[in-house]
Amino acid sequence: MTEVSVAKKDSAATDELVVLKSVNKHFGALHVLQDIDLTIDRGEVVVVIGPSGSGKSTLCRTINRLETIDTGTITIDGRPLPQEGRELARLRADVGMVFQSFNLFAHKTVLENVMLGQVKVRRTEKKQAEEKARALLDRVGVGTQADKYPAQLSGGQQQRVAIARALAMGPKVMLFDEPTSALDPEMINEVLEVMQQLAREGMTMIVVTHEMGFARSAANRVVFMADGRIVEQATPDQFFSNPRSDRAKDFLSKILHH
Amino acid sequence: MFDFLEGYDLLGAFWVTVQLTVYSAVGSLIWGTLLAGMRVSPVPLMRGFGSAYVNVVRNIPLTIIILFTAMGLADTFGVTMGAADDVKTRVFRLAVLGLVAYHAAFVCEALRSGINTVPVGQAEAARSLGLRFTQVLTLVILPQAFRSVVGPMANVLIALTKNTTVAAVIGVSEAALLMSEMIENEAELLLISAIFAFGFVCLTLPTGLILGWVSKRVAVKR
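Sequences listed follow chains A and B, in order.
Using UniProt numbering, read the first sequence as starting at 1 and increasing by one per residue.
Using UniProt numbering, read the second sequence as starting at 1 and increasing by one per residue.
Simulated from the structure, these hints should not be mistaken for laboratory data.
There may be inaccurate statements among the hints.
No more than 27 angstroms apart at the CA atoms, straight line, and that leaves these computed lysine-lysine pairs for DSS-like [unchecked claim]:
| # | chain 1 | residue 1 | chain 2 | residue 2 |
| --- | --- | --- | --- | --- |
| 1 | A | K126 | B | K162 |
| 2 | A | K127 | A | K172 |
| 3 | A | K249 | A | K172 |
| 4 | A | K108 | A | K21 |
| 5 | A | K127 | A | K108 |
| 6 | B | K88 | A | K108 |
| 7 | A | K132 | A | K108 |
| 8 | A | K132 | A | K172 |
| 9 | B | K88 | B | K162 |
| 10 | A | K120 | B | K221 |
| 11 | A | K148 | B | K88 |
| 12 | A | K172 | A | K126 |
| 13 | B | K162 | A | K148 |
| 14 | B | K216 | A | K108 |
Which chain A residues face chain B? A few, computed with CB under 7 angstroms, are given here [claimed, not checked]:
| # | residue |
| --- | --- |
| 15 | R79 |
| 16 | A89 |
| 17 | R92 |
| 18 | F99 |
| 19 | S101 |
| 20 | F105 |
| 21 | V119 |
| 22 | A226 |
Anything over 12 angstroms on all C-beta distances counts as not near chain B; from chain A, calculated [as the list claims (entries may be wrong)]:
| # | residue |
| --- | --- |
| 23 | K132 |
| 24 | R216 |
| 25 | N242 |
Glycine is no exception: its CB is placed at the ideal position from the N, C-alpha and C atoms.
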C-alpha cells in the first residue's frame, strides 16, 4: 500500500468520524478486504473508486455492518460497531445509506418511505415527520411525487427519494454505494447534483462511484482500491493528474482514454 | 323430493363448519405468521424450532392430530379448553386447536415463500434506517410477503374449509357428521352426498374467486 499524506481542503474538519483499522474480510476463499486502514473526518467527502471486484462496495457496506468483517475494528464517532441488535440499529440510524438499486419500500408511497424511519426509529410525531419529509422531497426535487408509489417514478427520481429517506434520519455520515450505476445516462446528473449540494453543505460522505466527474468536483479525497486493498489515496487533482501507483495509472488510462 | 331433509338442521351444521373454518383460519394465520417469523429469525434456536415444528406437523395426518387433541390432550392430560362440563364446546375448541396447529404449518410455508419474493435490498434498506429485526419484518417484509401469497393462502384456506370435516371424528356437530348421520337414516345416499358437496362448493368457490381478485389488487409493483 502506498502511503500518501493528504492535504485537507477543509481545515476546520479535523475530528475523525469513521475509522477503519486493519479490516479484513473473506468471501470464502476470496480475500475481499485486505488490511484496510481508512479514516474519514467530519465534513469530508471521500470518493472510493476502483475496478469491479476491488472490494469498494463491500468496504462501504461494512461501515454500517450490512457486511460483517473477519478481523479489525470499525468505529463511528468514537464508538465501535456493536453486534447485531438494538445497539447496532441505533447506530445505523445515524449512518445514511443509499443503494445502487434504490431499495425504496415498494408497498409504501414516496412520502411514507421518507417518514417511516422518523416515526418508527426516531419516534417523531407523524405531523412533524410529514413536514420534514415534504421539505426534504422538495429539496431533492421530487416534492410533487410524494403520493406516488416508487414503481411509478423514474430511476433518477427514486434515487433522489432514497437520498431524502436517508437524510430524514439526520445522519452523521452518508454512505453511497454506486448510487448512479443503475441509472439511465440522462438521469445521472439529477442525482449527482443533489449529492454535490449535500457535499457543499458539509455532509460527511463516503461515495463508491464510477463517476469521475463527481470525484473531481466534489471529493476532498479519492481512495483508489484494487484487489481488496487501498492502493492509493490523494486529492482528486493529484490523483487524476498524477497518480503514483501503476495500478491507478493503468485504471485511469482505461477509463479516460477510449 | 327433499322430504327427507325434514328434522335435520342442515344450515346449523354448515354454520358450525363456517365457525370452525373462521376460527381456525384466524388462528392458523396468526400462529403461521409467528412460525414464519421464527424460520427467518437470526436466532438459531427459533429457526430450529420453526423448521422442526413445520416438518413434524405437516407430515402427520390431520385425523391423528384431531384425535390426539381429544384423546390425548383432553382425556389423558385433562386439557378441557375452559369447558370441562360442556362437551359440545370442548370438542369444538379442541378441533379448532388441532386445525390451527396443522394448518399453521402450511400458512408458514406459504408465507415463507412470499418472504423469499421480497428483494433482499428491502430488508437492507430497512436495517440501514435503524429499524430492529421485528420492525423490519412487520413493517417492510411481511406486508410485501402477504401481498404476494394471497393466491397460495387461498389454497390453504380452501383446504382448511374442507379439512374441518375431520372434526367429525371427535364428534363436532359440523356438516360431515350430520351427513353420515343422514346417510345412515335415509335412503337417499347420492342426493345427500350431492347436497353436502354442493354446500362445500358454496363455501370454497367464493373464497377462491374473492381472494384471486384481492391478489391482483394488492400485488406490489416493482
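Here's how the hints hold up against the structure:
Taking the CA atoms of K126/A and K162/B, the gap is about 45 angstroms. The hint is violated against a cut of 27 angstroms. Of the supplied pair hints, the one linking K127/A and K172/A holds, its CA atoms being roughly 24 angstroms apart against a limit of 27 angstroms. Taking the CA atoms of K249/A and K172/A, the gap is near 34 angstroms; set against the 27 angstroms cutoff, the hint is violated. Distance restraint check for K108/A and K21/A: the Cα-Cα separation of roughly 39 angstroms exceeds the 27 angstroms cut-off, and the hinted pair is therefore not satisfied.
A distance of roughly 17 angstroms separates the Cα atoms of K127/A and K108/A; the hinted pair therefore holds under the 27 angstroms criterion. At roughly 46 angstroms between alpha-carbon atoms, K88/B and K108/A are farther apart than 27 angstroms, so this suggested pair is violated. A hinted pair counts as satisfied when its Cα atoms are at most 27 angstroms apart, and K132/A with K108/A qualifies at roughly 17 angstroms. In summary, the hint linking K132/A to K172/A is supported, as the alpha carbons are separated by about 17 angstroms, within the 27 angstroms threshold.
Restraint check for K88/B and K162/B: the C-alpha separation of about 20 angstroms stays at or below 27 angstroms, so the hint holds. Restraint check for K120/A and K221/B: satisfied, since their Cα atoms lie roughly 24 angstroms apart, inside the 27 angstroms limit. About 53 angstroms separates the Cα atoms of K148/A and K88/B, which puts this hinted pair outside 27 angstroms; it is violated. Between the alpha carbons of K172/A and K126/A the distance comes to roughly 23 angstroms, so the proposed pair stays at or under 27 angstroms and holds.
Note on K162/B and K148/A: the hinted pairing is violated, with a Cα-Cα distance of about 41 angstroms set against a maximum of 27 angstroms. For a cut-off of 27 angstroms, the pair hint linking K216/B to K108/A stands: about 17 angstroms separates their Cα positions. Interface hint status for R79/A: violated, as the beta-carbon distance to the closest one in chain B is roughly 14 angstroms, over 7 angstroms. Look at A89/A: its Cβ gets to within about 5 angstroms of chain B, closer than 7 angstroms, so that hint holds up.
At a threshold of 7 angstroms, the smallest CB-CB gap from R92/A to chain B is about 5 angstroms, leaving the interface hint in force. The restraint placing F99/A at the interface with chain B holds, with a minimum CB-CB distance near 6 angstroms, inside the 7 angstroms limit. Interface hint at S101/A: satisfied, since its Cβ lies 5 angstroms from the closest Cβ of chain B, which is below the 7 angstroms cut-off. The closest approach between the C-beta of F105/A and any C-beta of chain B is roughly 6 angstroms, which is under the 7 angstroms cut-off, so the hint is satisfied.
Against a cut-off of 7 angstroms between C-beta atoms, the interface hint on V119/A is violated, since the closest Cβ of chain B lies about 10 angstroms away. Annotation: A226/A was flagged as interfacial toward chain B, and the flag is violated, the nearest CB pair being 26 angstroms apart, outside 7 angstroms. Its beta-carbon lying about 14 angstroms from the closest one in chain B, K132/A satisfies the requirement of being farther than 12 angstroms from that chain. The beta carbon of R216/A sits about 28 angstroms from the closest Cβ of chain B, which is more than 12 angstroms, so the claim that it is off the interface holds.
Listed as outside the interface, N242/A is consistent with that label: its C-beta sits roughly 36 angstroms from the nearest C-beta of chain B, beyond the 12 angstroms cut-off.
Violated hints for the displayed structure, listed by number in ascending order: 1, 3, 4, 6, 11, 13, 15, 21 and 22.
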